[in-house]
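S.K.: Could you build the full structure based on these sequences and the hints that come with them?
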Amino acid sequence: MNSIILRTGTVFILPLLLLVSVVILLRGHNEPGGGFVGGLTAATAMLLHMLAFGPKEARKLLPIGPEAMIGVGLLLALFSGIPAMFAGLPAFKALWTDFEPVQGVKFSTPLIFDVGVYLTVAGVVILIIFSIAEYRGHRAIDAQHASDARAREEAS
Amino acid sequence: MHLLMAITVGMMYATGLYMMLRRSIVKLLIGLVLLSHGSNLLIFTAAGLSEGNPPLIRPGEDGMVGPHTDPLPGALILTAIVISFAILAFACVLVKRGYEEVGTDDQNAMNTTDQ
Amino acid sequence: MVLTSVFSLFLLALVAPLVTRVAGRYAGWVLATVPAGWAVWYAGFIARVGEGEVITPASLVWVDSLGVALSTRVDGLSLMFALLVTGVGALVVAYAGGYLAGHHHLGRFYGYLIAFMASMLGLVVSDNLIAIFIFWELTSVTSFLLIGFGHDRAAARTAALQAMIVTGLGGLALLAGLLLMGVAAGTYEFSEMLEGGITLGDHPLYIGILVLVCLGAFTKSAQFPFHFWLPGAMEAPAPVSAYLHSSTMVKAGVFLLAKFSPVLGGTEEWAWTLQIVGGVTMVYAAFLAARAVYFKRILAFTTVSSLGAMVMLLGVGGPGEAAAMGFLLAHAMYKGTLFMVAGSVEHQTHTKNVEQLSGLMRIMPVTFAAAALGAASMAGVAPFFGFTAKYLMKGPIPEAAAGSFLVIGVMAMGIFMTTAALLVAYKPFVGKPNEAASAGSEAGPALLLGPVVLSVAGLIGGLMPGLFVQPLVASATAAVTGDAPEKALSSSIGMINMGTLLSTSTLAIVLGVVFYAVRDMLRRTTGLMDRLDPMLSGPVVFQRVLSGTLWFGRLQTRLLQNGSLNTYIRTTIIGFIALVLGLGANRLKNAFLWQDAERPSLLGMILVVLLIVSGVAATVFRYRLAAVAALGMAGVASALIFVFYGAPDVAMTQFAIETLTVLIFVLVFYHLPQFTSFTGRMQKFSDWVVSLAFGAVMAGMVMLAVQTDMAPKISGYFSENAVPLAYGRNIINVILVDFRAADTFGEIVVLGIAGVGVAALLSVSGRSQNPTKPDGGVA
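Going down the list, the sequences are from chains A, B and C.
Taking my numbering, the leading residue of the first sequence gets 1, the next gets one more, and so forth.
Taking my numbering, the leading residue of the second sequence gets 1, the next gets one more, and so forth.
Taking my numbering, the leading residue of the third sequence gets 1, the next gets one more, and so forth.
Everything labelled a hint here was simulated from the structure, so no lab data went into it.
For glycine and all other residues, C-beta sits at the position ideal for the given N, C-alpha and C.
One thing to keep in mind: the hints can contain errors.
As the list claims (entries may be wrong) - Chain B residues, not near chain A, derived (Cβ > 12 Å throughout):
| # | residue |
| --- | --- |
| 1 | Met1 |
| 2 | Ile7 |
| 3 | Ala47 |
| 4 | Ser50 |
| 5 | Thr79 |
| 6 | Ile81 |
To be verified - Below, in silico cross-link-like pairs of lysine to aspartate or glutamate (DMTMM-like), each with a Cα-Cα straight-line distance of 20 Å or less:
| # | chain 1 | residue 1 | chain 2 | residue 2 |
| --- | --- | --- | --- | --- |
| 7 | A | Lys106 | B | Asp106 |
| 8 | A | Lys93 | C | Glu747 |
| 9 | A | Lys106 | A | Glu31 |
M.R.: Okay, here's the thing in structure tokens:
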């Protein structure tokens with residue numbers, strides 16, 4: 001898509017959307033939000049950028065690839081369940097600290113878990129959209145089928 | 001209102017199933033989406049409807065005050081929505097690839113394996 | 001240690017191919033040392049078990065809650081079999097090294113053979129019924145591999161499949177029988193049944209147990225009419241025939257019947273079933289043996305006949321059991337010998353037909369000596385072990401229920417066995433060497449060791465019964481009858497006077513020689529049998545049953561699995577509707593009449609109507625993009641419903657997902673041609689009827705669910721504990737990341753898999769190898 005308005009707009013909106021997605025993630029434990037919605041918001045932001053500048057540019061924007069995001073996210077979520085086992089508690093039992101990296105958000109295993117969810121969801125959606133957008137098979141093959149269909153109609 | 005919602009769920013299932021009974025496999029996917037809307041609403045309605053009052057505890061309080069929406073179906077539906085999206089994307093791509101191989105979206109033409 | 005012997009052999013089977021690669025042509029000797037060592041170890045028990053001791057080592061718990069354990073029990077019967085399995089096994093492994101020397105799958109063959117040995121050993125020492133079944137099936141599986149070893153020949157494949165299906169079906173029957181036995185006796189440990197003195201003869205399940213266990217035993221031991229698989233199994237290499245199909249596996253059925261006879265035996269049904277089936281098999285197969293011309297085929301039929309005799313003797317009971325045990329041991333020795341001799345002759349001369357050989361005596365003198373000793377024992381010539389067995393046999397038979405029939409039967413078997421003995425040990429060896437025989441030469445040490453050891457053992461067993469025969473047979477009999485070993489044989493001895501025995505067995509031998517002399521005439525006049533036998537049992541019936549089963553399978557697949565997704569969905573849904581309406585039409589109707597406290601609100605009604613309209617629109621629009629837009633509308637409407645009814649989290653998610661869904665549809669399907677209508681008006685109408693009926697049923701289910709109070713405790717718990725325990729005020733999020741975090745983890749794993757799946761599907765290059773033809777068909 002080649003629209004100056006979209007491109008210019010995206011430049012401003014993208015950081016804003018990403019920031020919003022993090023806010024949604026962090027406040028999720030107390031207000032509506034959380035890792036799922038936050039991850040989707042982040043993915044939408046990337047999607048917007050992809051529509052404006054194409055998948056190649058959008059990929060450059062990501063510090064790590066979407067596949068790696070999925071991996072890191074899943075590992076974070078999994079590891080958040082492990083500390084409890086060392087304390088002799090069942091896996092995924094929440095552990096809390098009083099440390100607040102951001103005002104009102106306490107550092108805890110559910111927070112790590114939610115970050116893992118955020119990364120996984122964002123990674124999956126971005127991976128899906130990018131794969132489809134980058135897929136080169138479409139046009140050539142579809143055109144072939146369309147001409148096949150025309151040939152069939154003419155023959156019959 | 002529950003009756004209305006029940007009818008809506010029924011309509012979602014009916015339209016979803018009708019689309020799934022088409023031979024065009026793209027229509028089948030549309031039917032799948034309608035069906036998952038129906039399922040989400042089914043879970044949501046089955047727990048009982050009440051206007052307003054989301055399951056959010058007010059700051060400074062220890063629990064919910066007064067009637068409120070059941071949080072459990074919400075949690076179930078939330079993940080279901082995301083998963084059904086991923087599955088739908090997978091199915092779309094699969095259908096797309098199938099279409100490229102077979103040259104039609106008629107699923108009766110796709111009934112042979114190993115080709 | 002007993003279990004160790006079993007598992008060490010399984011281990012050996014695993015490493016056998018490796019050993020073969022390292023040890024080369026000496027692999028057979030190397031591998032044979034392990035079973036030989038175990039044979040010596042088991043032989044050390046002869047004295048103890050001979051005094052009536054039963055060795056029951058500690059068992060290994062397996063599935064405790066189901067009463068399954070790897071428990072072992074070595075009594076006289078098990079000991080005799082364990083010695084046969086390991087002793088003959090060692091000889092056969094060494095023999096195989098000579099017989100298959102240079103075969104490029106020799107390592108694999110050793111592996112199969114030793115795995116079979118381990119299974120068979122496990123079978124005979126197991127005490128738990130389930131463990132017995134498992135080892136029983138393992139012998140079937142390994143036997144399948146061994147028979148089908150020459151898998152490049154269709155005949156070998158067919159024979160392997162036949163043996164597998166017949167013994168496998170028998171195995172299933174046996175499993176059912178064993179389970180019933182366990183239920184009836186209240187335990188799956190056989191020794192507990194013996195110690196508790198449990199006999200199931202009067203139990204209401206007895207007939208069922210008897211029929212099922214007999215089916216298992218009869219198929220395994222090739223009793224009429226299941227006997228056909230054994231001659232077919234002669235496709236296997238000779239070591240397999242010598243081992244599985246004469247001395248061990250086919251005797252598993254006899255072993256099982258003998259083992260169970262204290263619990264299941266002693267009834268009229270037991271006696272008649274075993275006597276008739278065993279007796280018929282004995283006579284019928286002996287007759288076929290006398291007519292056959294192929295070395296191994298003759299031996300196979302005599303084996304079937306001998307197995308019949310053993311089953312029959314177990315049916316006679318009492319002293320008959322001593323005879324069965326004696327006969328079993330004698331048979332294992334001479335038949336093992338003869339099979340190995342047959343293999344050697346085949347291996348050296350490349351001729352399978354005994355009529356085409358003569359004069360081998362001069363070319364293969366040692367082999368001939370072993371053959372002569374074995375055949376003499378088979379014909380029951382004094383003083384061989386075979387004669388002793390015959391002696392034990394002739395006493396109890398006249399007393400049996402089917403006495404007069406059996407006396408004639410045993411006589412007939414003796415005659416035909418003599419003929420068969422002459423066919424395998426006389427015909428090919430005497431006279432002038434012909435062309436086929438001259439082509440051969442004496443076999444090497446690996447091929448000679450087995451036959452020589454076994455045939456000499458048969459001679460010693462007859463001459464000096466006290467050495468090992470008497471203690472073994474006595475303690476085995478004791479295990480079966482429950483008497484003390486020293487008494488077990490005494491009742492049999494002296495039941496028949498020597499003069500009668502000598503005269504009848506001389507008569508049998510003379511008649512056998514006569515039949516041998518006129519064998520050509522015998523074969524010609526009974527040529528009908530060649531066509532009759534397959535029709536009575538074997539290949540024809542088997543093929544009919546097999547192809548019938550396949551036909552039924554195909555028919556069913558055509559009806560149920562026709563490959564059309566629409567048909568599957570339609571069938572499933574119609575079935576579902578019928579089920580729900582059939583079970584609860586009334587409840588469903590009443591559900592709609594419920595008085596709802598929640599009044600319909602205007603906004604709610606608008607949203608609901610919007611949702612329904614967009615849903616219907618998605619179905620009727622002819623343009624794909626319009627349908628997708630309607631779909632997006634439906635998603636937005638349902639998101640608004642979530643907002644309206646207090647689920648902001650869900651609504652946010654739904655909004656985001658809806659956007660993405662529409663985008664994906666557009667991206668993926670933008671370039672496809674427009675919808676084509678594949679179905680006619682009538683089909684559409686009937687689909688609408690089914691769909692609306694389904695919708696109505698689902699609506700009714702919702703109404704039912706609303707009125708059902710669904711465990712309020714769960715949600716209540718979450719609401720009450722979200723702040724105190726999880727320090728979170730958004731209960732939905734608390735459920736997702738804290739209370740049910742493990743579930744959520746599972747869900748995001750699914751997400752990850754779907755995402756990677758999409759990427760993988762799109763990165764695979766398709767079509768290039770598989771061009772589509774212009775007519776839409778696929779090349």
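S.K.: Taking the hints in turn, state whether each one holds.
M.R.: These are the hints, each one checked on the structure:
1. Met1: About 23 Å separates B/Met1 from the closest Cβ of chain A, which puts it past 12 Å; holds.
2. Ile7: holds, 29 Å
3. Ala47: holds, 18 Å
4. Ser50: B/Ser50 clear of chain A: closest Cβ-Cβ about 17 Å, beyond 12 Å.
5. Thr79: violated, 7 Å
6. Ile81: violated, 8 Å
7. A/Lys106 <-> B/Asp106: violated, 54 Å
8. A/Lys93 <-> C/Glu747: holds, 18 Å
9. A/Lys106 <-> A/Glu31: holds, 14 Å
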